[in-house]
Amino acid sequence: MRKKLLVLAFFVIFMFLGIMALKDSMPEPKNERVYTILQKHMPYTLEKRVGGYSIVSNETGVKEKPPAKDLFLRLEQLEQQWGKEFLKLENNTLIILDKDKNKVDKIDLKTNEEINWVKEYFSF
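Using our numbering, the letters of the sequence shown correspond one by one to residues 7 to 130.
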């Protein structure tokens with residue numbers, strides 16, 4: 007009886023730790039409409055390689071190879087750093103800037119949910 011309880015306890019602990027690790031490695035939920043428009047301007051892409059994925063900077067060509075469990079969190083960090091430098095929020099409009107701080111594009115944010123997501127995701 008004790009052996010069965012011990013095996014069950016190990017199984018429950020293993021499952022709990024596995025689920026917690028999975029939750030930690032998941033990126034934040036994104037606003038689909040705004041994020042898909044922003045992706046066209048973001049200078050980072052994922053590149054498949056033999057050992058997994060690399061994050062490639064389209065501007066410099068530098069490849070970053072984070073561990074698989076940190077890949078999407080690192081990509082999110084890079085996107086947020088880019089957003090702080092090249093995005094500007096004015097009322098309900100998100101302005102996308104280039105290196106020289108010239109306006110490249112703008113996104114009209116239609117709902118409070120979109121505005122709140124931009125403020126929270128890019129820490130405005």
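It should be emphasised that the hints constitute simulated quantities derived from the structure, not laboratory data.
For each residue, glycine too, the CB sits at the ideal point set by N, CA and C.
Treat the hints with care, as some may be off.
Simulated crosslink set (DSSO-like; lysine-lysine; CA at most 30 Å straight-line) [as the list claims (entries may be wrong)]: (1) Lys94 - Lys46; (2) Lys125 - Lys107; (3) Lys94 - Lys107; (4) Lys36 - Lys125; (5) Lys69 - Lys116; (6) Lys94 - Lys116; (7) Lys105 - Lys29; (8) Lys54 - Lys10; (9) Lys46 - Lys116; (10) Lys54 - Lys69; (11) Lys75 - Lys107; (12) Lys29 - Lys69; (13) Lys9 - Lys46; (14) Lys46 - Lys10; (15) Lys46 - Lys75; (16) Lys36 - Lys94; (17) Lys90 - Lys105; (18) Lys109 - Lys69; (19) Lys9 - Lys36; (20) Lys105 - Lys125; (21) Lys29 - Lys109; (22) Lys107 - Lys29; (23) Lys94 - Lys109.
Just the calculated beta-carbon pair ranges, DEER-fashion [claimed, not checked]: (24) Leu14 - Val56: 37 to 47 Å; (25) Thr66 - Leu12: 46 to 56 Å; (26) Ile101 - Glu53: 24 to 34 Å; (27) Phe130 - Asp106: 48 to 58 Å; (28) Asp111 - Glu34: 40 to 50 Å.
TODO: Check each numbered hint against the structure and report the violated ones by number, ascending.
DONE: Result: hints 5, 7, 8, 11, 13, 14, 19, 21, 22, 27 and 28 break, sorted rising.
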